[in-house]
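Engineer: The chain contents come next:
2 protein chains.
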Amino acid sequence: MVEIDKTRFDRLQEEMERENVDALICRLPENVLYLSDYWAQQGLSLAILPKGEEPILLAPEVEEPYAEKSWADTRIFGWGLVGEDDLFSSWERLLSDIRDEQSLQNSTVGVETSFELVAPPYNVMEPVGVGKPTLNLIEKVFSGGEVVDATGLLEKARSVKTDYEQDKLRVANEVAALGLARFEEEVLPGKTEAQVAAAVEQEIRSKGAGYKGANFARASAEIRTGPGSFETLLFVPSRSERITEGDIVLLELPTVVDGYWSDLTRVTVAGRPTKKQKEIHNLVSKAQQAAIDRMSPGTSWGEVDKAARETIEKGGYGDNFPHITGHGLGLRYHENIPMLYPGADDELESGMVTSVEPGIYIEGWGGIRMEDNILVTEDGPELLSTYDRTL
Amino acid sequence: MVEIDKTRFDRLQEEMERENVDALICRLPENVLYLSDYWAQQGLSLAILPKGEEPILLAPEVEEPYAEKSWADTRIFGWGLVGEDDLFSSWERLLSDIRDEQSLQNSTVGVETSFELVAPPYNVMEPVGVGKPTLNLIEKVFSGGEVVDATGLLEKARSVKTDYEQDKLRVANEVAALGLARFEEEVLPGKTEAQVAAAVEQEIRSKGAGYKGANFARASAEIRTGPGSFETLLFVPSRSERITEGDIVLLELPTVVDGYWSDLTRVTVAGRPTKKQKEIHNLVSKAQQAAIDRMSPGTSWGEVDKAARETIEKGGYGDNFPHITGHGLGLRYHENIPMLYPGADDELESGMVTSVEPGIYIEGWGGIRMEDNILVTEDGPELLSTYDRTL
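Here the protein sequences line up with chains A and B, keeping their order. Residues 1 to 391 (the working numbering) make up the first sequence, in order. Residues 1 to 391 (the working numbering) make up the second sequence, in order.
All the pointers check out, no bait thrown in.
Remember, identical chains collapse to one label, so a pair may be satisfied in a single copy or spanning two.
Straight-line Cα separation of at most 27 angstroms, BS3-like style, residue types lysine-lysine; simulated pairs: (1) K276 / K314; (2) K207 / K191; (3) K69 / K6; (4) K191 / K212.
Simulated from the structure, these hints should not be mistaken for laboratory data.
Throw the hints in and build the complete structure from the sequences for me.
Structural biologist: Below, the structure written as structure tokens:
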């Protein structure tokens, strides 16, 4: 059990105070982790944070060896075997106990009503959303009070990362770098996109477990080769298409280590890069650095986007950078705060983390993007991802 | 574009008729696939099925190359680039058009209110749930009618697999078998659980893309070695623990190919199996076969469970099989229909698919489970997974 992250709770209590929320009840793995420091293996946990108190975690017995290491008051219930109660009965019993212990009978309870895009639990193959069953249960147990949407509150609190969280994000980026190194080895003519993607994922999963005390690591690599890399301006899947000599090969790599995310992109060339490939890579690199250099507390999100966009415009490729410059990340690989897009006038704060990922995409030729994760600090921007950025 | 699966739609129309639902509107990738034959790369698609009509699919432009191959009337919207509408504005516009075209102004619309455990889209790292934003939007567009929960209707319709779906499940099981073969090669003293898991996943992802016309395959392997395999009676993660000579090594393997799932378990021994390991493996194998032999249309779910359970009891391990015998699967790796548990009196129907997965778990010694996927037919049970079941 690690020491509780007091900074995180001070921030949360402040937000709860401002929004008049007496307790938070979270089911989504990303928010359970935020409140309890436990990354749920499956979507069977609940985390409760009464204002001014320490968090309480409900976890199924099978997850006890890991859940009990969280900093929450952890309460275990039987689940999944013949004769055991169903999930909602166990939750109702334990939630009712907590309501009575904490005198929350007439309280305002904040829930995850508006999260739809979510981070998976460790078991990425069976994620959970928050639908009517969970909301109905909470409304039943807290029928004397009010149930309100805490989505905005949670997103805002999460947007500033504490020292503890920053360390976790550094580790996630180090593990991701193992995948970037493997990517460079694997890019050879004749290999399929899916083969290269699978090898990168293998590297991260096999070497990430146990890395600097991490329990679990997974990644989901997507590769595009040749002119098809043009399409990577948005999310596209790895195919059975083969790499040919001279191809641009682009890797998009979200990695999760114990629930903390990294989101990186690198491009390499299968063979010797052409002059044009090098020129465009240099321009993207310059645009990325220009954006990073602007990342200080108080700078508007739009100004950071502008720095990247103007660099690409000046380089003559203004029509070829159609997406935003970056997005928040931390407990999910896309978070809404901050969001680096043209004209955005919200301001960066110390502790915020974003991707910075300008790109140039030319139909029939290909796409080159470079993506790193940056921490905003009073002393200037810090690259959480330190892997080599040259072609 | 493949020919539309008329059997599926006849069945759906029948269920909609029975439940007085005029149209279904689905966002979850598993149900979008069910209605449109398109496995969403991200959770940005909607599928609409008006009663008596063909389905309509809304998909973002970046997914068009795949979405347009669906059997739905596919309508594309811009998403994700600077200056494009946000998702909900595009959906509102297109849904309103459909409401008017199909005269659904005063209709009863069925939605996914109670799905919480969900299947991920192709991008397993960013799944979606159905929360207030989607439900509010649908209620707004269909404010002249009624919005009802179609979760039960969808689960019931999905529980019987058509010939088209059965073929997809056969392919998913063939791809999964590539992973089972790799597992046997990888189990060597000194390797970590995470290393073996990562290699199995790599095999499936790299060889699954393009296999018999499949676009995409992914798996998530979990490995437990030695006495720790006892804990696999429920879901447990792969660790950095190393295999030692003589260990039981258990692999739990969900695999998804173009949105259709296989769920398999195999056990091997690192070295020569002991007499006890062989005896228990034989007993589990007998229990599995006893259950499979009972799987005919009209047999109750409980009777199938009983066949496995009695075999294990007679073998002297009645206290060591604490979980259910099997569960439905198809568009998710756990579906609720059928569910093979003690005393269940619902009946199997031709076309249903379940896992059959008895196991024996002994604390301090280990666990042995064998899991295959069985199709119920009028001519008897068919093993969709045909990989070798010997130790």
